[in-house]
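**Q** This is what each chain is made of:
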Amino acid sequence: MTAGKNNQHIPIEDLSAYADGEALTSEQRATIEQHLAHCADCREELAAQQTISSLLADLPEPEVPRSFRLTPADVNTKPTSASDPVEIQPWIVRNQSRFRWAGLAAAVLLVMVITADLFSTTGSDDSATEFTTMQESADSEAPAAEERADEPSIMSTDEDAAMDAAEESEAEEAAPDAELDSAAPEGDEDLPVAEEAPEPPDEPTDQPAVELAPDDDAATDDADHPVAGTAEDDAMPGIQSVDETDGGLSLLQWTGIGLALLTAVLLVAGFVLPRVWPGSSQSPR
Amino acid sequence: MFETEHDRYQQLIASARSGDLEAFNQIVDDFQTLIYRICVRILGDASLAEDAAQDTFIKAYGALEQYQGGSLKSWLARIATNRCYDMIRAQRRRPAASLDAQPVETQPEWTVEPVSEHPDSFASRSQLSEYLERALQQLSHDQRTAVTLFDIHGYSYDEITDITGASLGTVKSRISRGRLRLRDLLQADDRARELYERAWRQSDSKT
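For the record, the sequence lines run as chains A and B.
Positions 1 to 285 (the working numbering) are the ones given, in order, by the first sequence.
Positions 1 to 207 (the working numbering) are the ones given, in order, by the second sequence.
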């Protein structure tokens, strides 16, 4: 027991490097040899490394099943291997979870805007100041929502295409809805929001027709009908003139309409389009 | 001799870069066995390895401009191991599909046909090989790659750092720990342990 180093076992990495004649200086090798002379444990570990190594070297190796020479066709077409279909899934399918989350976020913002709007109109006169601050906050939320909506789109042209397609498929809302019922496992989650979806597009055009708005119950009953809220506000005397319904919409309400549209588009892009898109396999994510 | 072989490959690559597919295919002829075998060991599946090997050469052809003139053997092995990693990752994403695609792994573990208790050392040696091949499939991908490249295909530690992008210390650790794990896996089975210890005594008496 003259030198301390003889008592310490040699790290396994160094033993294998020693066995392999690799990655050690001649000094390190000498130290290892010195240690091995006294240490049966390390000799055994060394022998194990050597045994496994030689067994591996003796493994029977398979013959090549065919030639891998390239043909002109291999060279001209890009190597889209069939073993990685994730790469060739349609853009809309690859991004569907992003759309879902963005749609959910937009829906949450929409609810907030509606709440703010209801609160600002039903409140007392004192709340006029509150109204403006809320409007400000709604304003500052609106760009955020737009950012989120833009986020998923890497190719803006495709995004536009998706939007268009989304709006088209809104027109025939009944069909995708039925599909949602049967196909979507998260049906409970989708449906309430999906019902909201068809409302907003009708909103601006149908506005004059909503004459039942002054009926206060309509607003409170239909908590899940955001539009009823906005219609009611127009009819409420106080802030704006009642005659011009279209012109009477506040910034907050316009924001709500925009958000509702956005929500609808995102949810359709997230839930409906991936299922009906040509070439998309039903596989989730 | 290495000089002339190296020169020959440089020339073939120069021709291939200018569009000579036949020149590139001469390289394929020389390396396809090596590349295919590396892929078989890393993936543990013959048909996946076939795809990986083919992809390797297609990728190499497309990446000829990026070849820096170093060891062609290491460069191709790097493309192959990367391709294998990609395939393994894709498999993990689709666990259901991988069951069909990997006959090797669906075989029940550790059920080598008892080749009768033959004292014949060739028979027991090949039986041990079967155990070892299965044990190899149970290593981590990194360990399996390092051990395969060094022990089976004779790449040096330095070449393996070059191929895998890992540090020398990491490569040392993967090789030594990979082998230790293989030994432990063999010793976990009675029959394998017996065969291993016989081989161990043989290699011990040699040294």
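Don't read these hints as lab results, they were simulated from the structure.
Just so you know, these numbers come straight off a predicted model, no measurement behind them.
In this text, a Cβ means the ideal position worked out from N, Cα and C, and glycines have one as well.
Heads up, a few of these hints could be off.
[Said to hold, decoys possible] Counterexamples of contact, computed for chain A against chain B with all Cβ distances above 12 Å:
1) Ala30
2) Thr31
3) Gln34
4) Cys39
5) Ser53
6) Leu59
7) Arg66
8) Phe68
9) Arg69
10) Trp91
11) Leu104
12) Met112
13) Gly248
14) Leu251
[Stated by the list, open to error] Stretch-level coverage of chain A by chain B, calculated; a stretch enters the list once three of its residues show a Cβ under 8 Å from a Cβ in chain B:
15) 44-50
16) 257-267
**Q** Quick check for students: does the CB of A:Arg69 sit more than 12 Å from each CB in chain B?
**A** violated, 4 Å
**Q** Non-interface claim for A:Phe68: all C-beta distances to chain B beyond 12 Å?
**A** Nearest chain B Cβ is 5 Å from A:Phe68, so the label is violated.
**Q** Was A:Met112 rightly flagged as not at the interface, with every chain B Cβ beyond 12 Å?
**A** holds, 36 Å
**Q** A:Leu59 clear of chain B by more than 12 Å, beta carbon to beta carbon?
**A** violated, 5 Å
**Q** Closest CB-CB distance from A:Gln34 to chain B, is it above 12 Å?
**A** holds, 18 Å
**Q** Quick check for students: does the CB of A:Ala30 sit more than 12 Å from each CB in chain B?
**A** Label holds. Min Cβ-Cβ 18 Å, cutoff 12 Å.
**Q** Would you say the region 44-50 of chain A counts as covered by chain B, given the rule of at least 3 residues with C-beta under 8 Å?
**A** Result for this restraint: holds, n = 4.
**Q** Non-interface claim for A:Cys39: all C-beta distances to chain B beyond 12 Å?
**A** A:Cys39 clear of chain B: closest Cβ-Cβ about 16 Å, beyond 12 Å.
**Q** Any Cβ of chain B at or closer than 12 Å to A:Leu104, or is the non-interface label fine?
**A** Check passes; 24 Å lies beyond 12 Å.
**Q** At 12 Å, judged by beta carbons, does A:Arg66 keep clear of chain B as stated?
**A** violated, 7 Å
**Q** Can we trust that A:Ser53 is non-interface, i.e. its beta-carbon lies farther than 12 Å from all of chain B?
**A** violated, 5 Å
**Q** Taking 8 Å as the Cβ threshold, is the statement that the region 257-267 of chain A is covered by chain B upheld or broken by the three-residue rule?
**A** violated (count 0)
Of the numbered hints given earlier, the model fails hints 5, 6, 7, 8, 9, 16; all others are met.
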